[in-house]
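Trainee: For chain E, the structure is supplied; the task is to place chains B and L on it using the hints.
Here is how the chains run, residue by residue.
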Amino acid sequence: MNFLEYAPAPESTAILNLREQYGLFIDGEFVDGRGEPFQTISPATEARIASISNANGADVSDAVAAARRAYDRTWSRMSGRDRGKYLFRIARLVQERARELAVAESLDNGKPIKESRDVDVPLVAAWFFYYAGWADKLDHAGLGANPRALGVAAQVIPWNFPLLMLAWKIAPALAAGNTVVLKPAETTPLTALIFADILQQADLPPGVVNIVTGAGDTGAALVAHEGVDKVAFTGSTAVGRAIAKQIAGTEKKVTLELGGKAANIVFDDAPIDQAIEGIVNGIFFNQGHVCCAGSRLLVQESIHDEVVDRLKARLSTLRLGDPLDKNTDIGAINSREQLDRIRELSDIGVAEGAERWSAPCEIPENGFWYAPTIFTGVQTSSRIARDEIFGPVLSVLTFRTPAEAVAKANNTPYGLSAGIWTDKGSRILAVADQLRAGVIWANTFNRFDPASPFGGYKESGYGREGGRHGLAAYLAPATGVDRAAAAAPKAKSATKGSKR
Amino acid sequence: MTGTSLITARERALAVLGGEPDDATLRRYLHGIPGVDAVGLEQRAAGLGTRSIKTASKAWALDRIISLIDLTTLEGADTPGKVRSLAAKALNPDPADATTPRVAAVCVYGDMVPSAVDALGAAHGDPDDGLISVAAVATAFPSGRASLEIKLADTAEAVAAGADEIDMVIDRGAFLAGRYGLVFDQIAAVKEACRRADGTSASLKVILETGELVTYDNVRRASWLSILAGGDFIKTSTGKVPSAATLPVTLLMLEVVRDWHLATGQRIGVKPAGGIRTSKDAIKYLVTVAETVGEEWLVPHLFRFGASSLLNDVLLQRQKLATSHYSGPDYVTID
Amino acid sequence: MSRLAVPKTYKLYIGGAFPRSESGRTYEVLSADGAFLANAAKASRKDARDAVVAARAAVGGWAGATAYNRGQVLYRIAELLEGRRAQFVAEIEEAEGATRAAASAQVDEAIDRWVWYAGWADKFAQVAGNANPVAGPYFNISVPEPTGVVAIVAPQQSSLLGFVSVVAPALVAGNAVVVVASERFPLSAISLSEVLATSDVPKGVVNVLTGSPAEIAPWLASHADVNALDLVGAGDLDWIDLEIAAADTLKRVLRPEQGPDAAAPALGRISAFTETKTVWHTKSMK
Numbered sequence: 001m002n003f004l005e006y007a008p009a010p011e012s013t014a015i016l017n018l019r020e021q022y023g024l025f026i027d028g029e030f031v032d033g034r035g036e037p038f039q040t041i042s043p044a045t046e047a048r049i050a051s052i053s054n055a056n057g058a059d060v061s062d063a064v065a066a067a068r069r070a071y072d073r074t075w076s077r078m079s080g081r082d083r084g085k086y087l088f089r090i091a092r093l094v095q096e097r098a099r100e101l102a103v104a105e106s107l108d109n110g111k112p113i114k115e116s117r118d119v120d121v122p123l124v125a126a127w128f129f130y131y132a133g134w135a136d137k138l139d140h141a142g143l144g145a146n147p148r149a150l151g152v153a154a155q156v157i158p159w160n161f162p163l164l165m166l167a168w169k170i171a172p173a174l175a176a177g178n179t180v181v182l183k184p185a186e187t188t189p190l191t192a193l194i195f196a197d198i199l200q201q202a203d204l205p206p207g208v209v210n211i212v213t214g215a216g217d218t219g220a221a222l223v224a225h226e227g228v229d230k231v232a233f234t235g236s237t238a239v240g241r242a243i244a245k246q247i248a249g250t251e252k253k254v255t256l257e258l259g260g261k262a263a264n265i266v267f268d269d270a271p272i273d274q275a276i277e278g279i280v281n282g283i284f285f286n287q288g289h290v291c292c293a294g295s296r297l298l299v300q301e302s303i304h305d306e307v308v309d310r311l312k313a314r315l316s317t318l319r320l321g322d323p324l325d326k327n328t329d330i331g332a333i334n335s336r337e338q339l340d341r342i343r344e345l346s347d348i349g350v351a352e353g354a355e356r357w358s359a360p361c362e363i364p365e366n367g368f369w370y371a372p373t374i375f376t377g378v379q380t381s382s383r384i385a386r387d388e389i390f391g392p393v394l395s396v397l398t399f400r401t402p403a404e405a406v407a408k409a410n411n412t413p414y415g416l417s418a419g420i421w422t423d424k425g426s427r428i429l430a431v432a433d434q435l436r437a438g439v440i441w442a443n444t445f446n447r448f449d450p451a452s453p454f455g456g457y458k459e460s461g462y463g464r465e466g467g468r469h470g471l472a473a474y475l476a477p478a479t480g481v482d483r484a485a486a487a488a489p490k491a492k493s494a495t496k497g498s499k500r
Numbered sequence: 001m002t003g004t005s006l007i008t009a010r011e012r013a014l015a016v017l018g019g020e021p022d023d024a025t026l027r028r029y030l031h032g033i034p035g036v037d038a039v040g041l042e043q044r045a046a047g048l049g050t051r052s053i054k055t056a057s058k059a060w061a062l063d064r065i066i067s068l069i070d071l072t073t074l075e076g077a078d079t080p081g082k083v084r085s086l087a088a089k090a091l092n093p094d095p096a097d098a099t100t101p102r103v104a105a106v107c108v109y110g111d112m113v114p115s116a117v118d119a120l121g122a123a124h125g126d127p128d129d130g131l132i133s134v135a136a137v138a139t140a141f142p143s144g145r146a147s148l149e150i151k152l153a154d155t156a157e158a159v160a161a162g163a164d165e166i167d168m169v170i171d172r173g174a175f176l177a178g179r180y181g182l183v184f185d186q187i188a189a190v191k192e193a194c195r196r197a198d199g200t201s202a203s204l205k206v207i208l209e210t211g212e213l214v215t216y217d218n219v220r221r222a223s224w225l226s227i228l229a230g231g232d233f234i235k236t237s238t239g240k241v242p243s244a245a246t247l248p249v250t251l252l253m254l255e256v257v258r259d260w261h262l263a264t265g266q267r268i269g270v271k272p273a274g275g276i277r278t279s280k281d282a283i284k285y286l287v288t289v290a291e292t293v294g295e296e297w298l299v300p301h302l303f304r305f306g307a308s309s310l311l312n313d314v315l316l317q318r319q320k321l322a323t324s325h326y327s328g329p330d331y332v333t334i335d
Numbered sequence: 001m002s003r004l005a006v007p008k009t010y011k012l013y014i015g016g017a018f019p020r021s022e023s024g025r026t027y028e029v030l031s032a033d034g035a036f037l038a039n040a041a042k043a044s045r046k047d048a049r050d051a052v053v054a055a056r057a058a059v060g061g062w063a064g065a066t067a068y069n070r071g072q073v074l075y076r077i078a079e080l081l082e083g084r085r086a087q088f089v090a091e092i093e094e095a096e097g098a099t100r101a102a103a104s105a106q107v108d109e110a111i112d113r114w115v116w117y118a119g120w121a122d123k124f125a126q127v128a129g130n131a132n133p134v135a136g137p138y139f140n141i142s143v144p145e146p147t148g149v150v151a152i153v154a155p156q157q158s159s160l161l162g163f164v165s166v167v168a169p170a171l172v173a174g175n176a177v178v179v180v181a182s183e184r185f186p187l188s189a190i191s192l193s194e195v196l197a198t199s200d201v202p203k204g205v206v207n208v209l210t211g212s213p214a215e216i217a218p219w220l221a222s223h224a225d226v227n228a229l230d231l232v233g234a235g236d237l238d239w240i241d242l243e244i245a246a247a248d249t250l251k252r253v254l255r256p257e258q259g260p261d262a263a264a265p266a267l268g269r270i271s272a273f274t275e276t277k278t279v280w281h282t283k284s285m286k
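These protein sequence lines are chains E, B and L, in that order. Each residue of the first sequence is one higher than the one before, counting from 1 in full-length UniProt numbering. Each residue of the second sequence is one higher than the one before, counting from 1 in full-length UniProt numbering. Each residue of the third sequence is one higher than the one before, counting from 1 in full-length UniProt numbering.
No lab work stands behind these hints: they were computed from the structure. Backbone N, C-alpha and C define an ideal beta-carbon position, used for all residues, glycine too. Keep in mind that the hints are not guaranteed to be accurate.
Quick list of the computed label-pair ranges, beta carbon to beta carbon [as the list claims (entries may be wrong)]: (1) B/Gly173 / E/Glu301: 38 to 44 Å; (2) E/Glu344 / L/Ala135: 37 to 43 Å; (3) E/His140 / L/Thr198: 42 to 48 Å; (4) B/Pro329 / E/Leu16: 37 to 43 Å; (5) E/Leu429 / L/Gly97: 51 to 57 Å; (6) B/Ile33 / E/Ala14: 46 to 52 Å; (7) B/Ser243 / E/Glu352: 50 to 56 Å; (8) E/Glu362 / L/Asp238: 58 to 64 Å; (9) B/Tyr326 / E/Glu20: 37 to 43 Å.
Chain E extracted, bound-state conformation (with noise of 0.2 Å):
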């Protein structure tokens, strides 16, 4: 037999109890909503999983009046730290429940189980863990003392870490004092309901937080919604943008997560094997569906060829299918649609002379799939080198100097996430002074912790998911009172400016 064709290990979805349909969570309870219902499929098969709640904009004014009086009555009214404690409530009932989101997880969006069990929800269930602990500390946030919580939130999050995603905007939220309105994306809202189910367990008090289902317009009615004081958005820097200019002149706080086009640098001296490892990581995680993703690698021309060549290696060993097996390494692409952009930008980088190269993996007949594809001879000039593909596609520049590295980097109107990789200590330090990139990972990538901040400069948005700095974006300072106001010379009172 062919001992690499591993028998199929799937992980049983018997540990899910799915509902037939789901209805949006508001006010503590599932209800209807009043748009028209939507299926969620697994896009590894196209088959129907649920039926989910259509939130229109009537729904969505509930879900924000929910939200308002629980802030009003309950959270605001609640000791930091019995906040904490529900936290901690929520992050021990993730843990217990872990396999269950897991599959659910990669059932609906398609990512292996390998991913979603070792690394999406395990992180879960660690966000919720460290900003349970902040929830009585906020004095020590950098706002001074007695930071105020900003009201109701809402956040409007993405397909490609749907779980994740909602930790990470709900527990620093929450931890603060806010209440929450919660879209999750259409092709992914399954995790979200379950985890409804977990505040029930919880026994989290009603409106605190509120998880409304639909698509973009129900997205945009949620961010526009008068009675909302924040708005925390992950997902494409076009969206990002309209958000932007819609809430200008308005008194709303926002933080924006949006599109990367990270380089990924590798010098001559790199720790080789780990490099290409770091490589197959930041590009073909999670099908490449990252914001952060090492979508363009700059490899020192010195060693381009071998590079390249221990590349197309390593991605032979990949294994492309069914995201519930376990030995699954590539899952499916999320949605028909992503495919399709894949696939565009991907011809015209054929097109524009770039030269193509996918891992020979067996393509299922149902789903939506893409095989792990390098492109090599990319010019800066290039689309592909240009352009979020946010899909399992490498663009394989190079470069002479560290100098020229730097250039090359720095050379987008994205700032998210760069990657560095030599053996020289001082060069790591340098060149990550240099790039002008939020995230920067030395000799790995794609490594998250809930301790750490994580955002973008330029048109990858504004404002930090994680540690400190992420709890911060859920605060303002004490009115009339200020730290460094009462420290300096003079100082009359707190200044009214407030970043977005």
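Mentor: Just chains B and L, lined up with the frame of chain E:
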């Protein structure tokens, strides 16, 4: 099994190094090899360790593990009787199941080689042909602290007594002191001592004792050095120091072997030894081999497990697969 | 016997030089009681463009200077301002119709704010950044870095103090700025530029435009090479349109502030124009 020719090994080393294998040349070469990032290496190994090997793949893996085991006894208390018992177990690991494959080799101290050869009888031979080799540890195993003359005599005596494979230890002290030329020369000399009167040669496994080299950069350099000097196999450990075979170290050595094959076309074997006690662990090594150098490496002349208690755990798992219920230690034999 | 005074020509401050507006335009600056004081340059969109180019060219060097050095340079401004205290007091008295005491207080406060912000230069990163205890074998640290080129509409009701209150904090972290001065009180801003030009502030780090904020600000708000927009003094403009224009390239925006306390000294004024960068590195003994 038969080791590689001495002449070609030395010529190849000279060609690769571009000069005589003295301290300076070897240092230049070995320190020019890209470094290892420990965190990344360990993460890759951990990732390979999460492969889920089920049903038919697991059945195949269990049998293959058995056929790759160097069933080992390396105790001061070893006796001819103990070695006979080991050989019997090697020949017939599970008396209740005749379909159980034989192990690859028995591994003993040099003075026990005659007993092992005797006990194996007609089954003594090349494991690639379904027979069982006799491997002998030599060169003042496990410390390697003896003069070269003694190491060579140790080796030659074991080969003369019928050892098919010699598991030598490198001089870790010399390696850590940067005396790469000395380590090279010793390996080359032991390789020479593996030669039999008829011109054939015992296969040479070079034990790095990775637990004493400590850093991955050292392991990588020692692997290259051992291969350059003519080793047919590189082996992690003696099993006599606390840190023996680990998955990251074995992965790293497999990467060296892969790169050597790319550079020269020659296939070198890898033997993790010490500390691998369960089927679950051993399967992780099979996965690591298959996904790093290819599953064509999962044959006795290219991959071995140095182990003693591993065999019984594999047999228990094998019985579980065959009967669908869990077995117990009284249903496998002690050796 | 009275001596005939030699009046000063007030020009723009771009890239370390004092050009007239490329448009050739000026506008009359009047005293509080309506007397003619000077013809200030009326900057055009092309002047704004030139100022952004100068700021972009300067930001790398300024951001790359050591924090200690930036602090010394900012402190040097205070020293020079102190030496020209009488000139600024007289200018403010005339322009704002302020009493000698009020004008003196304004200059004193402006000097003290330079000193306060100068002291932050090598400290704010320690306060705004931190090491992060991540769950893995990594060194992980977050540091604030300058956002880049910051366009500022200075407070409109103040000659000197408003200007200093918004420019100083933006410089602390290493940004380069393009400032649209108070339309009504532009002269102190240009006089201050003369101080900057003779201090150690590298050319292009501060660029000052006088003229109509309503005319110039939209060009800065929509300029793709501007990274952030401080609308503190834009309360009387169509500032929502400016915020919308800024959104095209996701500029960081500070909304208008009104009143005497606008742009009061605060660490938040420094951190508003910084980006938190988080760097991970593996760590191992092996």
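Trainee: Indicate, hint by hint, whether the structure satisfies it.
Mentor: Right, here's what the structure says about each hint:
A hinted range of 38 to 44 Å for the beta carbons of glycine 173 of chain B and glutamate 301 of chain E is consistent with their spacing of about 42 Å. A beta carbon spacing of about 39 Å between glutamate 344 of chain E and alanine 135 of chain L agrees with the range 37 to 43 Å that was offered as a hint. Roughly 43 Å separates the CB atoms of histidine 140 of chain E and threonine 198 of chain L, a value that falls within the hinted 42 to 48 Å. Hint check: proline 329 of chain B to leucine 16 of chain E, Cβ distance near 38 Å, so the stated range 37 to 43 Å holds.
Between leucine 429 of chain E and glycine 97 of chain L the CB atoms are about 54 Å apart, so this pair conforms to the stated range of 51 to 57 Å. For the hinted restraint 46 to 52 Å between isoleucine 33 of chain B and alanine 14 of chain E, the CB-CB distance of approximately 49 Å keeps it satisfied. Between serine 243 of chain B and glutamate 352 of chain E the C-beta distance comes to about 52 Å, which sits within the given range of 50 to 56 Å. A beta carbon spacing of about 59 Å between glutamate 362 of chain E and aspartate 238 of chain L agrees with the range 58 to 64 Å that was offered as a hint.
Separation of tyrosine 326 of chain B from glutamate 20 of chain E is about 39 Å and conforms to the stated range, judged on CB atoms against 37 to 43 Å.
Violated hints for the displayed structure: none, as all numbered hints are satisfied.
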